[in-house]
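Based on these hints, arrange chain C on the given structure of chain L.
Line by line, the protein sequences give chains L and C. Here the first sequence is numbered in our numbering, starting from 515 and rising by one per residue. Here the second sequence is numbered in our numbering, starting from 752 and rising by one per residue.
Misleading hints may appear alongside valid ones.
[Claimed, not checked] Each pair of labels, with its calculated beta carbon distance range:
1. L:R1126 - C:A1288: 48 to 58 Å
2. L:P650 - C:L1237: 49 to 59 Å
3. C:T759 - L:R549: 55 to 65 Å
4. L:L1017 - C:E854: 52 to 62 Å
5. L:A557 - C:P762: 15 to 25 Å
6. C:L1237 - L:R1126: 23 to 33 Å
7. L:N1125 - C:H1185: 46 to 56 Å
8. L:R549 - C:P762: 54 to 64 Å
9. C:G1018 - L:Q754: 49 to 59 Å
10. C:P1303 - L:A1129: 34 to 44 Å
11. L:P650 - C:L799: 53 to 63 Å
12. C:F1183 - L:G1154: 28 to 38 Å
13. L:A1129 - C:A1288: 32 to 42 Å
14. C:A1288 - L:S1039: 48 to 58 Å
If you are wondering where the hints come from, they were derived from the structure by calculation, not from laboratory data. Computed from a predicted model, the values in this text were never measured in an experiment. Yeah, the Cβ is synthetic: ideal placement off N, Cα and C, and Gly gets one too.
If you want the building blocks of each chain, they are given just below.
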Amino acid sequence: MLVAWLAPLAAFVAAAIVPTIEHRRRGRVSIATARAVAQVATACSVLSLGLALVALAAWVWRGSDQPPIVGDWFRFVRVGPLDLSAGYCLDTLSVVMTTVVTLVATCVHVYARGYFTEEMAPEGVVDSEVLSGTLPLQREGRLHRFYQHLSLFLFSMLGLVLSGNLAMTFVFWELVGLSSYLLIGFYYEREAAANAASKAMLVNRLADVGLLLGMIALWNATGGLVFIDGEGGGLLSAGQALRESGGANYRMLCWAGLGLFCGCLGKSAQFPLWTWLPDAMQGPTPVSALVHSATMVAAGVFLIGRVYPLLTPEVLVIVASVGALTLLIGAVLACAAADFKRVLAFSTISQLGYMMLAMGLGGWVAGIFHLMTHAMFKSLLFLAAGAVIHATHSGDLAQLGGLRQRMPRTAWLTGIGVLAIMGAGIPGLGLGLSGFYSKDLIFEQAIGFYRANSWAGWLLVAPTIGAALTAFYMGRLWLLTFAGKPRSVAAAEAHEAAPTLLLPMLVLAALAISAGWTLPGLNASLAALLDAGSPAPHQLTVGTLWPEAVIPGAHDHHAPGIKLRAGLLALGATAAGLALVGISRLRGRLANPLGAGVVQALDLRTLPAINRGFATSVRSCGTFLAEAIDRWTIDNSLIGFTRGLWRGGVALHRIETGSLRHYIVFLVLGVVFLGSLAILAVV
Amino acid sequence: MTTTPPLTLLPMLVTLPAIGALGLLIAPVSAAVSRRLTLGLMLLVAALAATLLGVDTAPGPRLWLADWAPSIGTQALLGIDGLSLPLVLLTAALCPLALLASEAINQRVKTFCVLMLLLETGMLGVFLSLDFVLFYVCWELILIPMYFLIGLWGGANRQAAALKFFVFTLIGSLLMLAGGLIAYGHSDLTPLSATQLAAAGVFGPHAVASSGAEATAMQEAWLATGSPSATNFDRAQAEGHALRSFNLLALAQIGSSTDQFAVPLFGGHNAAWWAFVLLLAGMAIKLPAVPLHTWLPAAHVEAPTGVSMLLAGVLLKLGGYGLVRIAWPLCPAAAAELAWLVAGVGAISIVWGALAALAQDDFKRLVAYSSVSHMGYVLLGLAAGSVATSSGGAWLAERWTLGATGAVFQMVAHGVTSAGLFFAVGVVYERFGHRDLRRLGGLINPMPLGSGLAIVLFMASLGVPGLCGFVGELLPLLAAWQAHPLAVAAAAAATVLTALYTLRAIRLAYFGADAPPDDPRALEAKPLRATEILVLAPLALAAIVLGVRPQPLLERIEPAIAARAHALQAPSHTSATAKLPTFLPLTRHDAPDAGRTTRR
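Excised from the complex, chain L in its bound form (with noise of 0.2 Å):
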């Protein structure tokens, strides 16, 4: 399958090939030369595009069920025991993701030359937010270099989704890590935006501490780091190996899965790792859509997803508790932010939650699904905050309102997403948006859980408040956003969007609707296609050194009674936040709702003073080290040593003059010395 390596290698080109352009004219880049740029990046992506769907049909029609096609492309390291190469794994994970990320991507190829207009204004961009003197800043456009970044980004991502092994996997998750850096730092005149960019990348690197150990402490017991290799062994039946014989390495195994998990914790802005994220919205819409929402901060999601059979009981049960704190955290924060794409990084935020605690519970079709219908609607949603961006010039919900009149087809778009991420549907007739059926099996899962851990009740409770707060912060947003009068003079002036921004969100809403429906006739559907090639196993599986921990099997949420149950759950749940947002509207505190002065506090002033306060203290024990001991101590007492032993010298205080004859005598001197006296001794 030449078409796995094909697809990163063409957006590859173009990431490659657009610098050597950029550098080549110096100077100056022409709106010419960063209109090709653009051209020949969203060109690569929809090759790209083209190439995975040609995949993910070969995939369909070979059976889904196969085993994966796996190879190396090239030899990266082979240094005694170690040996690793570029090596690709498709399996339907792979195939699927890579569909994925090349739908959403190529839409915001094409959705970001509408966006960047200014850009590629001929004479400069002025950036109100920086001041510059006194005026606010002039620079030049520079939207190749937005396209550079996003070409390495999609590139570095579908190297992270198709990579073979642990080591592959590990490198091109520090390029996302390194392309969201740049990108989110595209506008690096911005304080805010250079800041984000770099704790973005700190809090990643954090995490990946963790990622590293784990990934070396297996090494060190599989000696390999393939996730499969060509005979059908391989990391991941090593590591299950391990974890049904139980015994010594059974406890290693717990501390590598969660070495492994901490690096997701990062990526994917779980707690404690989560306040990146909200402020790498100072990143372009367009890269919010797709790094922030759809792709990149479900890596971690992934990676869980890929690494599945290495996690035992007692890792998953941490995954799901982790996940279920953070959905609650997001979803809180969210109904009180104040910022239409800050409300939309909290709602990505918890609704990561969800899909950590899908795999956690052990649902690991109902987790990556729920990825996949994710990318569709939140993507959408942070397109359709871009157009609002793009024609108020501001993300503030209290300067917004309104705008269905103003932009009617963005209103409606964006009503299709919020309808999605709600999960609305008729549980009865499995009939709905895609959010609907990625949801109700999150909550068949959790219902499945619960009956075989009975001290599990939270992880049923966490979900179930969740979608209550989902619907209500969804609400909020869209209510304040397009209903209502408009409360600035921007709102009142908006303009609808252009089509090059339509179109894209067009796509997605449609994919959004229908990404959970089964073709009619053929009985293929996406859920259907994923749990084909789970890896989850079908029997219970039960904890060593925690026997309380059961993961029911793969199936044992299709028990009678848990469908019905989800979807009433579900359903309840949505409309008791629907109704609280109805309620909120008529006392007019959508606003503001209660409590929420508390939470952005929280969000807006203790959690960044406490970032702040870990950076100084962090700082000053290095000004300690370099100051307080480099200098004074040891320099000082080497100094003083030295001192002493000239002084004790015949004569010799004179070195300090700097006279380097002195110097060179003393040196021969010590030869003549010290090697007689090691003769001396043997002889």
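Leaving out everything else, chain C in the frame of chain L:
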């Protein structure tokens, strides 16, 4: 074999810059001409060094030999193998770049060129010599030009910094010398087998024996030549007294296959232990390892850009190279015993350097401290294969192969990135006249190419995969996990600190708003000149190439390390005088027995 360059190339490489320096000293040429001549000579040396790539180093070191002072057991023995080749290439490539980077030097240019050439001779000499005396002479040769280069062309506090550099490294080299002399004083060539002597180049540079019988025949032929060293050998064998040697290959054979160094010296430790400790201390100063590192930031802050590039790019590698070349092969058991210390010092250096770098506002001091941090990985990698027990001997030798190969790779990677970073700092300093990060900012708009290349190098230093720093960090970490999990965890945690100071530097220097057009700063921030691109671009390119395809370089390094690791794997000490239980690994003969008792 017709394509193989002649090995007389090796002495040519070492002496060519020195001859050039002498010629330049005598010839009445102007500053510009001497600069051009020096550059030409350095490029010639680089080209000659590049032909060494054609030498097949996989079977073992390729030697060149001249009798020097056979009576005390020293020869002019030069050799190239997978260990020295990458470092020789690095040196030969960095020297012309460093000269190009010294455009700002306009006083006493001729003297500057002479000293740079002398420095190159010394550095190449250290990497190529396989005789301890020659090694030491070249090691000291580096010290003197470096002292003057810092002391004459440095910044405001250059005298103090040069003196500090000199005193520190002088102490270091004396400790190293003492260690080497201890080994020399206990060495005896006569008990070695003919095969071992042949491998050490005792019978001549080309006498590599494929079998024991062939080696014996060679030995007889050699003894029959009646050369001074052969006569000495004959006499020593006949009279039964020891024949001392400075031949590093022979000393390595002695260290790994005999118990000559296992005689008790004092303090309850034997000669090998003391030799190792002294060598380690001496080289740790050069590396530099905490707490012996404080000369480095001072020297870097004062040194001119080109000199800083060589100081970070090559001089710091001397310590690591010495450890791999001398300390470990000569004293494998002591190295195994003290591995915990080496790993600990390595981990502390990594964390300490990163924390201290974080506290700096001087751009150059920040990069200098980052060097301390990165060289810690060299120590960590070397400490990977530590416990030389018989039951896990082969496995641990594999670990050392991985760790030490990673350490050598890290040296090359750091040579590339640190030289590039010091140059990038130099570019900034030349334009603004200061290096205070708090007063910089927004450089990426006026100088996009320079900032882009600098950011590539910073990312390589940060350890972003796809660039060279990542491989150099990953291999030591993977290798050392089993023996020193805590040190590895500390080193892995320090990657956050590395990111912290690197991103801080990028944010402060390159990001942010650039100066408005009417600000005098805007005039100073000129884009890179062609010469500057010529220096920075190859380094950034090398960082990418080494990061994406490390395997060709690793393939060169690994056989040399593996050969050593194999020698480390089964040192057959049989002495009964050991006072330290771990010092005496069991012999091959005992191994199966030991394996059984531990398993059942």
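> Which hints from the list above does the structure break, by number from lowest to highest?
Replying inline: Structure breaks hints 1, 5 and 7.
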